[in-house]
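Trainee: Below, each chain spelled out in residue letters.
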Amino acid sequence: MRVNPNPANDILAAIQQTQATEQTALQELSSGKRVNAPSDDPAAAANEMRNQASESRIDQYLQSVSSMQSQLQTADSTLNSMVTTLNQAVSLGVEATNGTLSPSNLQQIQEQIQGIIGTAVQLANTSYQGSYLFAGTETNQQPFTQGASGVTYNGNDGVNSVAIADGRNLQSNLPGSQLFQQSGSDVFGSLQQLSDALQSGDQNAISTATSAISSALNYLSGQRVFYGNALSQLNDDQTNLNQETVNLKAQDNALVGADTTQVATDLSTAETAHEAALAAAAKILPQSLLNYLPTN
Amino acid sequence: MLLAANALLVQQGALEATSNNIANSNTPGYSREVPILTEATPAVEGNVAYGRGVQLQQIASVRDQLLQFRLYGETQQQNNADTQVNYLTQIENQFSSTTSGLGPDITAFFNSLNQLSTDPTSMSQRQGVLAAGNNLASDFQGTAAQLATIKQGMNQNVVQDVNQINTLTSEIAKLNTQVSSFQNMGQDPGATEDQRDQLITQLSQLTQISAIQTSEGLTITTGNGTALVVANKSYDLQATPDATGAQQIYASGQNITGEITGGQLGGLITVRDQFLPTVQSSLDNLASGLATNFNAAQTQGFDLSGNAGQAFFNTTSGAGAAANFSVAITDPSLIAASSDGSVGSNGNIVNLLGVQNQALSSGQTPLDTYSGIVFSVGSATAQAQAASQASTLGVQQVTDQISSVSGVSLDEETSNLIRFQQAFAAAARVITTIDQLTQTVMTMTSGS
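Chains as they are written, first to last, in the numbering used here: chain A, 15 to 310; chain B, 22 to 469.
No lab work stands behind these hints: they were computed from the structure. Computed from a predicted model, the values in this text were never measured in an experiment. Where is the CB? At the ideal position from N, CA and C, for every residue including glycine. Some clues are possibly wrong.
So the derived list for chain A, only partly shown, Cβ under 10 Å to chain B, looks like this [as the list claims (entries may be wrong)]:
1) ARG16
2) ALA51
3) ASP54
4) ALA57
5) ALA59
6) SER68
7) ASP73
8) GLN74
9) THR151
10) VAL176
11) ALA177
12) ASN183
Which bits of chain A does chain B cover? Going by a derived footprint, with three or more residues having C-beta under 8 Å, they are [to be verified]:
13) 134 to 145
14) 152 to 166
15) 294 to 308
Okay, chain A solo, but in the shape it has when bound (with noise of 0.2 Å):
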């Protein structure tokens, strides 16, 4: 049987293959990537995809979550110089009780009650990279006026919800209403009636405003549960996504990323293989018969 006299092809095609081999180790080594285009395993490049998409996800809520930290925790100190100012208000008006103040002084401590009104109202208006905090969802002006009858609100009660992880809302805000207008609980309604029992005198007036503040004030501490609350969520929030975000890189590695180790033995195999089809080839080509006949 005849065998193919031209095996040059043949070597050609052999010495190709191993530089294909190299090459795609090298690639991999390079890039650190087992899967470079869709085609070198398309169902982990699928994967991949749903995992860079979550990952993208989960970066967004870390950056919602730290938004809102700065947003509760302003709402939150705004009702902290609420709740100092009050007692101050509740200790004015216990002052006021003891039987021995004159008139003048009854008016000086009112006066203080009105400024105490005024730094009230600023805080309720309280703002937050333009928008009130405590209009509920009118936020876009401010929700508490003083005029001649009293602080009206020009919010609503409307309340906002974040989402901080996949299936998971907090609500971000308690309406102005509720925390400074709940009737039995009123600050401006209670502050007012002070002001207005100083005005008039009434010991058992004063004192009874006195107690309406107490309570209002007592009821605020209460509100400002939720937002204890919800910053204490967000920051478990947190833990639990820089969590996942580790657990999804350890994920890409496993999907798509190379195993070192392993690539590198590949291709020391490869360029020695490769060496051995070149040897083989000069060793083979020049072979001939011509070679072997006397020259004459």
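Starting from the known structure of chain A, arrange chain B on it as the hints suggest.
Mentor: Just chain B, lined up with the frame of chain A:
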């Protein structure tokens, strides 16, 4: 003496065949020639038969037609697979990045809405949503445009391939006549047949062919029976664009596009008519579904002015939805974040975000639909790559077999050179000897 002189000529003829082989040892498609030497009919005188020397019957090419036919089959498979790999890889490039492009930008768009939910009246965050929407639109438009460009490239190649086929078939037809006239005279067609077979191999790169030997030469048809070459006549194919601009292939007025399999042309048509449309329609459905669902979620809410939300995206349905996908608004206050008309409400953003998880007509969410496209493109490309590797091996094997039959072995030719040269020298020696004998006789009879 004439016998020896004749022998000289015969050995010389054999040497010529050998030298032709050596000269053509690297010519592609060359079949080695073998001098057929036969004994001349002996002359019988009484009881004695005198040999009459050697005859050079013919110089025959050594070839195996069956192997040649197999080569045509393997060649078309390899070219088919290679063409598919070429175009599928181009398509795959549109979907291969995990950090940029359509997939990541779908997520980025919804992320911008999540950001907005923390501060719904913020104009800069609303601008962010518009910007993300515009990125998404340019991704859809860009991908659709690239796929259309790839299709255009394929159409141009269809025309080129059809022209090439027509050139080849007319050349083959001319050679066909020459080859069969040699064969009919009992002569070896030699180089002419080599040339014709080379052209047929080139033809089989372009499309699958069937070849049948008849008394008038080879009849060559396409895989499904459309005549290309019959005897000395060739039959042209025409490429004519249809209403969508896709080049269709006609033979004698009949549209045979769907029946062309194999070779470059078959590979082109498979990708252009079977695979690319599925990708384009998945993309279009993704675009129109996403836009429709998002627009519906917009109408459930209110914009910054307290008006009911309007359409955010422009889209069309069916083919071209991706190319026509764009953002319909430029005023960021028109994003319908509010659920009750109040300015600071983000209650409708949950509906806008919900579109991420809403099933499209594909039955899957937008992102899953996209990753499905990535998967199907990757699989098709991987399959074509495997077919390409396998068929390359197939071609190599047949080529090796043909070479073992018809290939020139320099070692063999070198040793033939020596043989025929020696025989030539020996025959010349015979002539010299006979000449000397004649001289002796002449001297003998002429006296001293």
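Trainee: Now look at each hint and say whether the structure bears it out.
Mentor: Hints versus structure:
| no. | hint | in the structure |
| --- | --- | --- |
| 1 | ARG16 | 5 Å, holds |
| 2 | ALA51 | 5 Å, holds |
| 3 | ASP54 | 8 Å, holds |
| 4 | ALA57 | 7 Å, holds |
| 5 | ALA59 | 5 Å, holds |
| 6 | SER68 | 9 Å, holds |
| 7 | ASP73 | 8 Å, holds |
| 8 | GLN74 | 4 Å, holds |
| 9 | THR151 | 4 Å, holds |
| 10 | VAL176 | 5 Å, holds |
| 11 | ALA177 | 6 Å, holds |
| 12 | ASN183 | 7 Å, holds |
| 13 | 134 to 145 | holds (count 3) |
| 14 | 152 to 166 | holds (count 3) |
| 15 | 294 to 308 | holds (count 4) |
Checked against the numbered hints above, the structure breaks none of them.
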